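Produce the complete structure using the sequences and hints provided.
For the sequence shown, the residue numbers in the numbering used here are 78 to 198.
Since the hints were made in silico from the structure, they are not lab data.
Every value quoted in this text rests on a predicted model; they were computed, and no experiment measured them.
Ideal Cβ placement from N, Cα and C applies to all residues, glycine included.
Treat the hints loosely; a few may be bogus.
The calculated label-pair distances, taken between Cβ atoms and stated as ranges, are [said to hold, decoys possible]:
no., residue 1, residue 2, range
1, 174, 134, 17 to 25 Å
2, 137, 176, 13 to 21 Å
3, 85, 161, 26 to 34 Å
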Amino acid sequence: MDTNLLINTWHTALKHRFRSGFLPTEETIFQFQFDAQPEAPLYLTANHQAFNLSPGTHRAPTLTLFVRDQATMLGLLTGKEDGMAAFMAGIYRADGNIILSQLLLYTFQQPALLQTQQVID
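In structure tokens, the structure reads:
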């Protein structure tokens, strides 16, 4: 798939799902590296207000995510793929701040998909 078409497809799929206020206020760079060849790397620049997708490799990403392919990454971001199951199956791994990888996955999931837990003393 053409890189610009891919970025437009991802942006369209994610823009209405973006949950502002979920990420830190400072800019965070999520680098996506794909095992499938010839799928080119992408990176997502995001903060608590907005996100932007770009082709290529960022010189200093905050976190690098290694994923089987682009379709799997989009599935993880939208909640169609379970992040924990993908991690345990070796389909996805993260190098860097692991907490940010979880925040990234929750940033684009619809609130109904997120489970809440109540702690009772």
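Sort out which numbered hints this structure fails and list those numbers smallest first. Structure breaks no hint.
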